[in-house]
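Protein sequences, first through last, are from chains A and B.
Under the numbering used here, the first residue of the first sequence carries the number 1, and numbering increases by one thereafter.
Under the numbering used here, the first residue of the second sequence carries the number 1, and numbering increases by one thereafter.
Incorrect hints may appear among the rest.
Unchecked claim - Examples of chain A residues lying across from chain B (beta carbon under 7 Å, computed): (1) 56; (2) 76; (3) 79; (4) 96; (5) 98; (6) 99; (7) 249.
To be clear, the hints were calculated from the coordinates, so they are not data collected in a lab.
Note that the Cβ used here is the ideal one computed from N, Cα and C, for glycine as well.
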Amino acid sequence: MSTLEIVDLHASVETDTGDQPILRGVDLTITQGQTHAVMGPNGSGKSTLAYVIAGHPKYRVTQGSITLDGTDVLDMSVDERARAGLFLAMQYPVEIPGVSVSNFLRTSVTAVRGEAPKLRLWLKEMKEAMAALSIDPSFAERSVNEGFSGGEKKRHEILQLELIKPKIAVLDETDSGLDVDALRVVSEGVNRYRESGQTGTLLITHYTRILRYIHPDFVHVFVDGRIVESGGPELATALEDEGYEKFIGAARAGASS
Amino acid sequence: MSPVMVPATDHAPLVVSYDPEAFEVPTGREEEWRFTPLARLAGLHEHPQATSTARIEVSAPSGVTVTDVDVAELEGDASAPPIDRISAIAWAQASTITRVVVPAESQIEDVIDIVVDTPAGVSFGQLRIDIGAFAQAKALIRFTGAGVFAGGIQVHVADQARAAVATVIDPAPTAVNVSRLHVRLGRDASVTSSVISLGGDLVRMNASVEYTAPGGDAEFLGLFFADGGQHHEHRVFVDHSQPHGRSSVTYKGALEGEGTHTVWIGDVLVRANAIGIDTYEVNRNLVLSDGARADSVPNLELETGEVVGAGHASATGRFDDEQMFYLRSRGITEELARVLVVRGFFADILGRTRIPGLAESVMTTIDARLGVSDLVAEVLGDGDDGQS
Ligand SMILES: Nc1ncnc2c1ncn2[C@@H]1O[C@H](COP(=O)(O)OP(=O)(O)OP(=O)(O)O)[C@@H](O)[C@H]1O
Ligand SMILES: [Mg+2]
């Protein structure tokens with residue numbers, strides 16, 4: 001059983017005017033097989049949390065720890081984290097001109113698995129995974145994310161999830177920019193992989209819509225850089241009805257006391 | 001841009017001559033020399049004497065003849081005369097020219113393989129390739145060795161002939177290579193020229209094409225990879241002096257490391273009578289690390305407006321932190337991420353050279369320069385079965 005443990009995490013972002021604190025004490029433990037939804041208003045620091053877990057160089061951890069099965073994650077380079085079993089589906093996937101999707105995927109899978117998959121088996125595996133996400137085969141020869149629509153980028157992220165098979169997957173607003181059909185296809189992809197029981201999932205979202213397709217075990221409300229309330233799926237329902245207002249108020253009150 | 005606007009044909013060489021003394025020794029302030037570190041030219045501009053001999057070895061498929069001819073035989077109209085002091089010195093100092101002839105109407109399948117070895121010391125050499133009318137041939141010219149070399153390659157493609165010529169400059173790290181590649185196209189003749197510079201301390205390659213009759217078609221490709229303080233300078237001159245010609249120039253460079261400098265100057269001149277031509281030139285550079293610098297100057301000079309198309313583009317981009325983060329977040333090491341991006345960047349050029357096997361050998365060299373492991377080569381070399 002793999003466990004990602006985040007304890008009292010504080011982090012800032014480097015800006016032109018100096019370091020700006022964003023995460024202010026995040027505590028969260030995710031175990032393989034569990035799905036946690038983190039929900040919060042715009043700008044509350046959700047993506048920052050995701051980036052800090054993945055090791056983006058722009059963010060600096062000022063306090064606290066992240067461990068994967070007891071091993072210090074903060075000590076690892078970005079690619080070491082990925083090879084250790086962490087995966088981030090990005091809110092805004094990056095375009096890489098000139099690098100074909102098929103080359104990218106094979107290189108990534110080889111790096112994570114530690115050996116190159118046999119070419120013929122690999123092609124079959126990739127084609128099937130693409131078909132399951134309704135990604136046209138022609139995408140294999142296109143440059144990574146270049147000219148992809150918002151929805152195509154998100155499918156491509158989930159394609160990577162299914163091929164890389166991480167221990168812990170962080171999905172940052174995978175639902176944003178998707179129409180209902182695309183949302184269903186992408187959610188099915190995530191669920192297929194969740195059902196393998198091999199992953200712990202951290203689902204970051206602004207809206208409850210995706211939670212109708214991907215059922216979380218735990219829901220956390222994220223405001224002003226930390227988790228202000230945790231509960232079961234019923235918390236998502238409450239959020240849907242009442243919005244973030246009361247939590248924002250509570251967070252402000254908590255911060256000023 | 002130079003503030004001084006000179007009238008028409010300011011991009012054609014002002015002086016052409018077989019006499020080195022017809023050209024001044026440059027000071028470094030001249031437009032043609034302002035990017036070149038003259039001190040690293042090993043005295044080629046002064047009065048260099050050959051202290052070693054360039055060996056030009058040709059493996060010619062049957063049907064192709066190779067002879068040594070006296071330089072005097074090819075002066076005058078038979079060649080394009082030197083355009084600067086070094087090319088004039090290189091002509092004057094080479095007593096013979098290696099001449100490769102593909103007879104008219106012959107179809108040569110195998111690549112004519114030519115190695116120009118430039119041993120330590122200073123050497124000069126001249127190569128001439130003639131592709132007869134209606135013939136088709138491919139040639140691969142590879143520069144090797146550790147010395148200082150100046151020389152010229154002239155490729156004459158007769159009426160309706162079709163040529164593919166690749167010039168790979170990958171000598172030892174100490175080498176200096178100042179070369180000129182000139183293509184002369186007959187009526188409806190076509191050429192694909194690929195100039196690839198990888199090695200040496202200083203490379204300065206002047207590639208040019210002239211049209212002697214209407215309908216010529218030149219595809220000029222270039223690829224340069226420079227690191228560790230190398231200076232790679234590519235100059236292109238397309239001289240549209242005939243109607244209905246076509247030229248397409250695509251040069252791409254990748255560079256990294258402190259003090260590394262690449263230069264691309266693309267001059268296209270469309271003379272008044274060159275109506276109905278179509279020309280496009282583009283240079284793209286990928287800067288992989290701080291401290292490396294790419295200069296890129298496209299010049300398009302139109303003396304007629306009656307063209308099918310005329311355009312140019314130039315862009316220098318960085319391999320940025322977000323791209324690196326994305327690739328690394330997928331488990332790909334920093335080193336491998338760079339290889340992946342560089343391979344992707346060069347793929348279109350290498351796919352168009354028409355020289356079999358060239359793409360693979362160039363990429364293998366670049367992989368090694370980027371410090372790639374065997375595993376990487378195996379993953380990226382798509383041909384095998386991925387056994388490990
Ligand atoms: N690279 C950055 N430079 C400057 N400010 C940043 C940077 N990254 C994040 N921030 C700031 O940090 C705060 C949190 O941003 P973050 O992207 O983590 O929020 P979010 O919860 O993911 O928002 P959204 O719901 O809009 O995706 C915001 O105020 C944002 O402007
Ligand atoms: Mg976000």
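Verification of the hints:
1. This hint holds: residue 56 (chain A) has a C-beta 6 Å from the nearest C-beta of chain B, less than the 7 Å allowed.
2. Contact between residue 76 (chain A) and chain B, as hinted, is not supported at the beta carbon level, the nearest pair being about 11 Å apart and thus beyond 7 Å.
3. Annotation: residue 79 (chain A) was flagged as interfacial toward chain B, and the flag holds, the nearest CB pair being 4 Å apart, inside 7 Å.
4. For residue 96 (chain A), the shortest C-beta to C-beta distance to chain B is roughly 5 Å, which falls under 7 Å, so the interface hint holds.
5. Hint status for residue 98 (chain A) relative to chain B: holds, with the closest Cβ pair at about 3 Å, below 7 Å.
6. Annotation: interface hint on residue 99 (chain A) holds; nearest CB of chain B at approximately 4 Å, less than 7 Å.
7. Here the hint on residue 249 (chain A) is broken, as its CB sits about 36 Å from the closest CB of chain B, past 7 Å.
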